[in-house]
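Student: In case you want the letters, here they are:
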Amino acid sequence: MEEYVLDAYPTKGGVKLLLSNFKEKFVKTTFPVYAITDNPEVVLQHPEVKYYEEEKWRTLEGKEVTLYRFEVESFNAYYYMRKRLNIVNEIPTVLSQTLYRLGIRPFATLSGEEGEKASYFPKITMARVVPLDWYGESLHGDTFEVEINGERKKFYGYPEVEADVVECLGKACDHVKAQVKVRMEKKRSPVSIKGLVEWSLISRTPLHEIAYATIGKALTTNEAWVAFKRKVLIPKVVPRVEKLRKLEDIMNADKGGLILFPQTGCFDNVYQVDFSSMYPSLIVKYNISAETVDSCDDITTELHSICLKEKGIVPEALEWLIKRKTELKKIDKERAEAIKWILVASFGYLGFRNSRFGKIEAYEMVTYFARKTLRKTMEIAEKMGLSTLHGIIDSLVVKGGNVDRFVEEVEKETGLKLDYKRFNWIIFTLTRENTPYPTRYIGNREGEIIAKGLIRENMPNIVKSFLEDSLNVLSSTRNCEEVRGSVRKIRELLEQYKRRSVNGEPSDYVIWVKGIPYVRGIKGFYKATLGFRGKDVDYYKRYLERAYEDLTKVIRC
Amino acid sequence: MLSTGFPYLDEIIKRDEIVEFYSLDEDLLRVFYHKVIAISAPVFVVVVSERGGLDPYLVRRFQNVFDNHSEVYVRRAFKVEDVPETIKAMGDNELVVIDPYHHRKDYDKILSALRRGKGRKFIFSFMDREREGSIFGLHTAHSVIKLVKGKRGFKFVIVKSVTTREIEIPNSIWELYGKAVDDGGLLRYL
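These protein sequences, in sequence, are chains A and B. Using the working numbering, you'd call the opening residue of the first sequence number 1 and step up by one each time. Using the working numbering, you'd call the opening residue of the second sequence number 1 and step up by one each time.
Keep in mind that a hint or two might mislead.
Result set (BS3-like, lysine-lysine): computed pairs, CA atoms no more than 30 Å apart in a straight line [as the list claims (entries may be wrong)]:
{"hint": "1", "chain 1": "A", "residue 1": "Lys311", "chain 2": "B", "residue 2": "Lys79"}
{"hint": "2", "chain 1": "B", "residue 1": "Lys79", "chain 2": "A", "residue 2": "Lys285"}
{"hint": "3", "chain 1": "B", "residue 1": "Lys179", "chain 2": "A", "residue 2": "Lys83"}
Some chain B residues well away from chain A (every beta-carbon gap over 10 Å; in silico) [as the list claims (entries may be wrong)]:
{"hint": "4", "residue": "Asn68"}
{"hint": "5", "residue": "Glu71"}
{"hint": "6", "residue": "Tyr73"}
{"hint": "7", "residue": "Phe78"}
{"hint": "8", "residue": "Arg116"}
{"hint": "9", "residue": "Lys118"}
For the record, the hints were derived by calculation from the structure and aren't laboratory data. Since this is a predicted model, take the numbers as computed values, not measurements. Note that beta-carbon positions come from the ideal geometry of N, C-alpha and C, so glycine has one too.
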């Protein structure tokens, strides 16, 4: 069986490839370093710079630029040049560019050029090893939770784990055998190890270069590959000057998506209609990218104009990702989730100050079209006899009428894809100030309870557990009448939990705040990592009562 | 024409091309520059900030209060590399620059851009100019005025001026909102 490339490291004179089944391979090569300089001959004086070639590239604005591609023997020379020259095209990374030239793709076999198709995924062993303490995941726990290719096991001692790629936490990393280890405490992205492999695969970047990066790097690398193939220069920083604007222009343009105040109360038989990947789809549909906004007048709006003459870099990168996500949704949810994170970041990154391929005007255009699209959808709903109960950025909750026809009509009118789900009932509630609460609702989607804005990360475990059990009670209700009737059951549940708060498990009292576990003791909060030192029962009882009141207020709304 | 809305202060700085206002009280400085923008309209404004920095609705409210509905032209600079280019793009117009040293670097490029334009400039800075920032900046500004919030109001402290020594000018907080009539007190005789 042929090995897969799991990771790659630059060494002097070539690249060291880490392969599956604990094999390694050395490939002799040089590394390309692109620089803008007036005197390329001087650079050749460095002993590790082999030769250079002159190339014609262009800027994002279309201006031709002369670049010099220096072929260097090691990364030492690259780092040396980086301090002294104006180096460009550093995304995709120099190592990724080197592998690309060699026809090597991370997580593909050495001979094949797989990876483009969503159906392809390497046959490797992936594991996740996490030490557990009494309060949950910890760096120094003595129990280990091991997940190998989706199968989960618990070990009360050091586990014997051998895998190609392992995601591990704390001391677990010292007791696993793996070709590539990813330390969870250093990770900055919310995706699993399988998700990271997917990122490495699609962005053609070695795993160690993307494992500890933010979502932004995964996105920018994908965009940068489009630019790189078009020979568009990617500078380190892109200074941008916003066009001169009147105060009203900013008032009109500097807005987010459309959020409605919901009609409060409980509603039977409603439909939630969602645009799938709305923002990325709008970017693709309207060709929104830094270089296309305000460069010609093919599409004019009251904010900015958009040029359609050439496909933008951002839309081209996102189009492929949207397609891949749609295909992956049918094959592998975990990988689809990894792509979804990139798509989620794609819009925000357009307006991010350090974005290579975005600018504020492009960002404003996306929210402008999003607001317009949602308004248009509401108009269609009204025309077709559906009443809109709530709308939030890319989704509407509607009641009555023929939803199938409505979705068809909206898809035809907007050119975007929609998805809809039926809710047996849905509740929209009020805030403490008695105004409608746009980001909080509870609904029963054919037996599955969807609750937004109710259970927070920083609640004590016992309160989370109480709320989850309460929602389970609601999952068996079929209409609003039954929902209101379930308050008594939830009250009984509260009494059970109040008793449990007196003599529960120590883990019940843990509150996670920004990744640190705390417990509320008699003298105040203390870190759970110091060990369990008692609890303030009154605090937890009061918390449970507040959670109950909050929930019943929603139910009675 | 650039104006602070405080006649005695305007008198002190009337011949200065670059005037820098700073304060450690962010809210006070924020309200103050919104008022200055509203009063000085038509005016060109550069906002240096990663997010926020200028509340167009607050400027509009001040414009209603002071009955000045002339245009306010704005450019925003989000990262440090954008700042000099954005200031240069404003040309020789009279300029209000909000927090140009926000990123705490590239002072030389920013100051060079500030000095290049021929128009008068009001700079509003959230830095403690006595402790941090570039000395270039302090040399560039013809006047440096500190805003200090007190219990009942606030005061302008003239830290640097070509025309006057270091003095303190106390004000009621309501004067910021144009709600108090001030006869100038002893300052009339300055």
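Student: Are the hints correct? Go through all of them and say.
Tutor: Status of each hint after checking the structure:
{"no.": "1", "hint": "A/Lys311 / B/Lys79", "verdict": "holds (27 Å)"}
{"no.": "2", "hint": "B/Lys79 / A/Lys285", "verdict": "holds (29 Å)"}
{"no.": "3", "hint": "B/Lys179 / A/Lys83", "verdict": "violated (57 Å)"}
{"no.": "4", "hint": "Asn68", "verdict": "holds (12 Å)"}
{"no.": "5", "hint": "Glu71", "verdict": "violated (6 Å)"}
{"no.": "6", "hint": "Tyr73", "verdict": "violated (5 Å)"}
{"no.": "7", "hint": "Phe78", "verdict": "violated (4 Å)"}
{"no.": "8", "hint": "Arg116", "verdict": "holds (15 Å)"}
{"no.": "9", "hint": "Lys118", "verdict": "holds (18 Å)"}
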